[in-house]
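Visitor: For reference, the chains in residue letters:
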Amino acid sequence: MTTASREERLEETVYRPLLHTSRAWYAWMAVLVVLMGVGFVAYYEQLQRGLAVTGMRDTVVWGLYISNFVFFSGVSMSGTFISAILRITGAEWRRPITRLAEITTVSALLMCGLMPIVDMGRPDRVANILLYGRLESPLLWDILAISTYLTASVIYLFLFIIPDSALLRDKFAGKVSGLRHRVYSLVSLGWQGLPEQHRHLERGAGIMMLIIIPIGVTVHSVVSWIFGMTYRAGWASTIFAPYFAVGALYSGTAMLITLMIIFRKVYHLEEYLTEKHFRYLSYLLVVFGIGYLYFTFAEYLTIGYKLASEDKLLLESLLLGKYSPLVWGGFFFGQILPIIWAAFRRTRTIPLMLIGSILVNIGMWIKRFIIVVPTLSLPLLPYDWGVYTPSWVEIAVTVASFGGFALTLTLFTKLFPIIPVWEMKEGWEQEKAKQSAPSAGLAAGPTTLTPQTGGARNG
Amino acid sequence: MDSDTSDPNQSGEAGKISRRRLLALIGVAGAAAVAAPLVPSMMGKSTGTASGEAGKKAGGVLRQWTLVIDLRKCEGCVTQDKPPACTEACNTEHFVPAGQQWLRVMNVKSEAGHTYYLPRPCMQCENPPCVKVCPVGATYRTEEGVTLINHERCIGCRMCMAACPYGARSFNWNQPQNPPGATFAKYSPEFPVPHRQGTVEKCMLCAHRTADGKLPACAEKCPMKAIYLGDLTEDIATNGTDIVKLSTFLGENSAYRLKEELGTRPRVWYIPGHGQEYGHHVGDERATQNPRSWQELGATLDKTHEGGK
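Chains A and B supply the protein sequences, listed in that same order.
The opening position of the first sequence corresponds to residue 399 in the working numbering, with each subsequent residue numbered one higher.
The opening position of the second sequence corresponds to residue 1251 in the working numbering, with each subsequent residue numbered one higher.
To be clear, the hints were calculated from the coordinates, so they are not data collected in a lab.
Remember, it's a predicted structure, so these values are computed and weren't measured experimentally.
A few of these clues could be false.
[Unchecked claim] Derived contacts from chain B toward chain A, CB cut-off under 10 Å, selection only:
| id | residue |
| --- | --- |
| 1 | Leu1368 |
| 2 | Val1381 |
| 3 | Lys1382 |
| 4 | Ala1388 |
| 5 | Glu1402 |
| 6 | Arg1403 |
| 7 | Gly1406 |
| 8 | Arg1408 |
| 9 | Ser1420 |
| 10 | Phe1421 |
| 11 | Trp1423 |
| 12 | Arg1446 |
| 13 | Ile1493 |
| 14 | Val1494 |
| 15 | Lys1495 |
[Unchecked claim] The calculated EDC-like cross-link candidates involving lysine to aspartate or glutamate, where the alpha carbons are at most 16 Å apart (straight line), are:
| id | chain 1 | residue 1 | chain 2 | residue 2 |
| --- | --- | --- | --- | --- |
| 16 | B | Lys1509 | B | Asp1481 |
| 17 | B | Lys1475 | B | Asp1492 |
| 18 | B | Lys1509 | A | Asp709 |
| 19 | B | Lys1509 | A | Glu708 |
| 20 | A | Lys569 | A | Glu406 |
| 21 | B | Lys1495 | B | Asp1481 |
| 22 | A | Lys569 | A | Glu409 |
| 23 | B | Lys1436 | B | Asp1552 |
| 24 | B | Lys1359 | A | Asp782 |
[To be verified] If you want the ones that stay clear, here's a sample from chain A, every Cβ over 12 Å from chain B, calculated:
| id | residue |
| --- | --- |
| 25 | Val429 |
| 26 | Leu445 |
| 27 | Gly448 |
| 28 | Thr452 |
| 29 | Asn526 |
| 30 | Leu533 |
| 31 | Leu537 |
| 32 | Ile560 |
| 33 | Gly591 |
| 34 | Lys663 |
| 35 | Thr694 |
| 36 | Gly719 |
| 37 | Lys720 |
| 38 | Pro723 |
| 39 | Arg746 |
| 40 | Ile756 |
The beta-carbon is built from N, C-alpha and C at its ideal position, and this holds for glycine as well.
Using the sequences and the hints given, assemble the complete structure.
Guide: Dropping the structure here:
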């Protein structure tokens, strides 16, 4: 196959969803809009009648909303973080998946940020956080970390869209509505592909890649510290920050795999999202999954060995009592099974990976729930156990938040290509340059430190 | 014995300041450069943990309030076949919203098998976990060592409820019923009426009454006189009839605090007992009756409620 045809085919495939809208797409949008509509109705009900319409009460003061908050913050880890690491290490195979990874982060963070506001008793006073914010509060750390991560992720996503947007601006002129064309010209910031512009872009991207990694770590650490900074059994743990960060990587990688499989099928990306991508991401999933198993083991072993009074109650309720189906179910189906599937070539098939990666995230959502709710149900003094059953309002808002996550992704992929066309082309050009002058490539090898040379041969 | 009561108060301050500094430093480090210009103003706003140092204030002594609950006298009002009078006094004094008990009397069955009653107000901790975690400084500690809530600032995140190891806080999940005229009552954190939906509530040691030289409602209405209001500054406590030297009273009677091991340093002390002074036997397992609400007790808002402010 020639390079020209390869490039043409790429544009043909990747631009198709931007120009053609199928009936299925409208049906899907209708489903999402309905889901979100029900969520809005539920939230309106909550605004009218107060949080009394939820299942939360004075003992279990947090429920589904905070579980969703932690879950979405975990999912957001996947994208930008993994994309930044792959770019820095010069992993060539990253090229088709970075955009999807980055928009996953942004969509998840939007929902993550909404959840605490939905959970607030006085959303009308949200401005008080800015007016009277106290840096001693873990909640403020969260607000700062998440807004910083969101800002950085949007910038990071945006930087790599600039050249693609310029391509669309030139290519789609006259083919799309004037408004949309104007969006493309606006986003492309006058990009002409000049060497000067490339230099600036690389510089900005280089800085963003470096800072986004520690920012990603802070987000998951401070989310854990909302719990870790209290005196509660099951929460007052020193390993919570790294535990959450590893859990987030596990959850995020699984979400990336799920979305890759879905978009691959829907947008016919089989040529670009290949067996290799799924294999490499499976390796990552296995590593993060085992890391997460290790943390889970360390967590329960240390509290289970000592069996301090409240820890004993908590552990009994988790492992043997009321929550044991969730805990053991989540453990087996969310950790053991998907890790085994991802580890062996035989089971690393697309359908099993799809099921496995979805199971991982169901398991991780359950994990968030059993971090939040059982600890709060524990009697702190000779009280009764707290009981919590989510109300329809909470369930509707939760479903709507997943709808919102999907909606952001769906709309984004209607506006911008889900595979970064210019980055793919850049990769092919580098490959071609190397093939035509292998000696030059070798000579440059030892002296250059730019990431591009790193894994190029594998690409 | 003396050191038991006065030392935690004195020595605690150095630790508190360094902890605040440390937390602030961690916060600043984590907040990234974006927030740097905001730091001074944010820190300036965080007047939450007011210094608990004993000292003079203009026009008199700066009190350091504490409660002593003598469990030898508390039998949960079961021998009188009545709901706990302290809880009901609290309900009528503050128009405590339905379903909440700011002062809750618990039935405790000890591991040794005996039964006793444990009234649980807010512990007014010297190292209050709730104050630390509040994102907006809506809950704060006064100079007199009482933790209050500014219901006009509270955003209803309930982080303080998750942080409180005593379960002393309640939330207004819906709009609580207020007494007639409450809309025009002068709201203050010391006397938080009218109650507001979506905000956190708790015992505030009747700050509006102590300012006026009165006992908290629970202490005043306790038929057994089991609740003492104490002042660490003058080392004195009273239940309205007896006056005792606080440090001696606590020491001689082996007073303890709930969950001392956590380091929250509560200002509520308990003298161990099981209501024996009112003839309650350890085998008497009668549970306390449900306290009646302020509506059932027919409480109305009047001048006396408005307190000293």
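Visitor: To test your reading of the hints: which numbers does this structure violate?
Guide: 13, 14, 15, 16, 26, 27, 28, 29, 30 and 31
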